[in-house]
Amino acid sequence: MFAEYSTSELLSIFAMQGVAGLILFSVFVLMALGLAIIFGQMGVINMAHGEFMILGAYVTYLTSNVFSTYLPDLFSIYFILAMILAFLVAGALGAFVEWAMIRHLYHRPLDTLLATWGLSLILQQTYRTVFGPREVGVTLPDWLMGSYQLTETIELPINGLFVMCLALGISLAVALLMYRSRWGIQVRAVVQNRPMAGAVGINTGKVDRVTFALGCGIAGVAGSAFTMIGSTGPTSGQLYIVDTFLVVVFGGASSLIGTIASAFSISQAQSTMEFFMSGSMSKVLTLLFVVLILMLRPQGLFTLKVRR
Amino acid sequence: MSLLLKSKAGMASLLPKKELYGFLVLALILVVVLPLSLDIFRLNLVGKYLTYAFVAVGLVLCWGYGGILSLGQGVFFGLGGYIMAMFLKLEASDPESTKIQSTPGIPDFMDWNQITELPFFWQPFYSFTFTLIALIIVPTIIAYIVGVAMFKRRVGGVYFAIITQAIAAILTILIIGQQGYTGGVNGMTDLRTLHGWDIRTDNAKYIFYFLCVFMLFVCLLIAQFIRKSKLGRLLVAMRDKEDRVRFSGYDVSNFKIFVFCIGAIFAAIGGAMFTLQVGFMSPTLVGIVPSIEMVIFCAVGGRLSIIGAVYGALVVNFAKTSFSESFPELWLFAMGGLFIAVVMAFPNGLAGLYNTYAAPKVDAFFAKLFSKNTTDNSAPPITPATKPVTKTESTSLPQGALHEPQ
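Those sequence lines, one after another, are chains A and B.
When you line the first sequence up against this note's numbering, it's residues 1 to 308, in that order.
When you line the second sequence up against this note's numbering, it's residues 1 to 406, in that order.
Since the hints were derived computationally from the structure, they do not count as laboratory data.
Any given hint could be a false lead.
DEER-style ranges, computed between Cβ atoms [unchecked claim]: (1) A:Ile185 x B:Ala345: 45 to 51 Å; (2) A:Gln192 x B:Arg244: 21 to 27 Å; (3) B:Leu353 x A:Ile293: 42 to 48 Å.
Quick look at which bits of chain A chain B covers, simulated, 3 or more residues with Cβ under 8 Å [stated by the list, open to error]: (4) 14-26; (5) 91-105; (6) 169-175; (7) 239-247.
Since this is a predicted model, take the numbers as computed values, not measurements.
Beta carbons: idealized from backbone N, C-alpha and C, even for Gly.
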């Protein structure tokens with residue numbers, strides 16, 4: 001299948017598909033990071049994660065509308081504000097959901113899964129009622145449009161580069177938070193041994209709520225970033241939820257590095273194959289590989305070694 | 001049912017009196033009341049709902065008793081449905097009725113997708129016997145492979161749920177993507193005859209309805225048999241404390257694999273009955289959303305009650321139809337609320353509610369009616385008031401065990 005392309009063309013194809021894969025990777029990382037915190041650290045399955053992401057996307061959409069109507073002068077910086085707002089709104093909703101629902105279900109993980117699925121249905125219908133069933137897109141400020149010509153055959157879209165930087169920045173921030181802050185130590189202590197963590201004076205309930213809210217907030221930022229490369233509809237979140245869960249499980253649930261590594265391999269595999277076969281087949285093959293590998297190695301790529 | 005009453009001694013242990021009444025009431029409703037009170041259109045709908053009940057009964061065994069939550073039962077439902085649909089489709093596309101196509105004698109969607117020859121894996125489906133065998137064998141094999149891969153490595157709980165969900169996603173994408181071989185998004189439509197017998201007439205619909213009820217009762221009895229056997233008790237023991245069962249010398253994974261395969265077979269039979277009664281099969285019945293909905297049928301009915309699962313499937317689907325007829329906007333809210341309520345407020349579903357509120361009164365009524373029979377030693381599974389509550393509490397782990405190794 002490579003015969004009809006010359007070497008330089010092939011190189012460009014791989015480079016371009018590689019960049020497309022990197023953008024997909026960044027979105028996966030952003031989505032999976034939130035989930036890795038919630039699922040990996042707390043053991044809670046949040047099926048409504050995609051809807052939290054879409055909430056962030058809709059917040060961005062609203063912000064862009066407000067700016068273009070009332071503050072057209074400041075339009076070029078609205079995106080920064082939109083992302084902060086997305087984080088806060090999604091995080092607040094996350095904290096509320098944790099308080100109302102999740103905290104009663106910590107000892108029944110499978111039931112959490114069903115309850116959050118119900119939540120996702122409710123959120124979806126809310127979006128549909130409020131924003132209408134059609135997909136909406138945002139207008140990007142000028143500096144995010146266009147692309148950067150690297151060589152004659154390779155060009156890089158700027159919004160894609162921005163998403164990549166964002167993913168990198170947020171991953172670093174999360175890593176710092178988890179492994180270098182007092183709060184991170186508390187979270188990991190609660191994960192490893194809840195009664196003992198409580199016994200040494202950690203407010204486990206509060207740690208849970210903040211962790212859940214943070215995960216949802218990051219999902220909101222992911223949604224915000226998502227508007228740059230795709231349009232948003234009420235059911236867009238559901239399309240990604242399985243992929244995201246697979247990314248987290250494939251990487252090894254409680255390892256941040258693992259999450260990033262698996263997001264990388266899954267997105268690269270998918271986008272490289274996409275060039276040579278139909279999109280659906282490349283997705284089927286990728287998912288199938290992931291499932292097969294998980295059957296052989298159920299603990300995922302990277303595991304945290306803990307004595308239980 | 002006459003067969004049931006013949007070997008009374010054996011039956012008494014399989015179906016204690018109270019449960020026998022449960023079965024009889026359900027049979028009365030499905031065989032007598034509904035066919036007499038509904039027109040054929042509505043009865044056909046009930047038949048369609050009952051096909052989901054097959055899946056729900058399988059889920060009671062897997063999830064309620066075995067503690068294995070599969071979010072991929074739609075896969076098996078779909079496999080059963082598609083296998084049946086492939087046979088019917090081949091019969092519907094004989095060279096005579098497809099002569100306007102550029103290649104007569106192949107299903108219409110293949111023709112539309114420029115396929116000129118019947119693919120090899122379609123060939124055997126000319127045979128009805130093969131179809132019936134494949135209907136059981138194919139889902140079993142897939143469930144077995146998944147089960148061996150997962151349970152032998154002691155993967156369970158949420159990981160299993162996510163992986164089965166991914167399998168459902170894969171199958172849906174595959175079916176939609178391979179339009180020429182599977183009919184794509186539209187699925188397989190325009191199914192007409194079974195051995196030359198028109199399946200779209202009212203008469204045929206009645207027959208399929210009763211066939212469906214009959215098959216459902218066969219599955220219910222198998223499920224009841226499993227529940228009452230040693231296997232059923234081992235399943236409960238595993239669900240509550242897997243390691244203890246393992247240390248007692250049992251190979252835990254084999255029991256899980258077995259019950260997962262049974263659930264898959266039930267789902268496949270349901271799928272085949274769906275195709276026969278509704279007359280089409282499409283990927284919308286295979287994917288993630290329908291698979292999770294099937295779990296909710298089971299949860300609403302009561303995850304520990306096989307009879308409850310049937311009522312759950314009927315009630316939720318009836319609500320779905322009537323809601324989406326009159327308030328389509330509200331349906332997802334109602335469904336979402338149902339998910340949350342059934343988990344948080346009444347985890348034992350309708351069966352739990354019945355046992356808590358209605359059962360004592362019904363018992364008292366029957367006790368008055370035949371004042372002699374009240375003793376029943378063989379641990380009545382539809383238990384009085386408090387038992388189901390303790391059961392769920394025993395499934396829940398103590399606070400400290402939250403992050404037990406999977």
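These are the hints, each one checked on the structure:
The given range of 45 to 51 Å is broken by A:Ile185 and B:Ala345, whose C-beta atoms sit roughly 37 Å from each other. At about 24 Å, the beta-carbon gap between A:Gln192 and B:Arg244 stays in the expected band of 21 to 27 Å. Between B:Leu353 and A:Ile293, the C-beta spacing of about 44 Å keeps the proposed range 42 to 48 Å intact. Residue count for the stretch 14-26 of chain A with a Cβ under 8 Å from a Cβ of chain B: 0. That is fewer than the three needed, and the coverage hint is violated.
With a threshold of 8 Å between beta carbons, the proposed coverage of the stretch 91-105 of chain A by chain B holds, since 3 of its residues qualify and at least three are required. Only residues whose beta carbon comes within less than 8 Å of a beta carbon in chain B count, and the stretch 169-175 of chain A has 0; fewer than three means the coverage is violated. Residues of the stretch 239-247 of chain A with a Cβ under 8 Å from some Cβ of chain B number 3, which satisfies the need for three, so the listed coverage holds.
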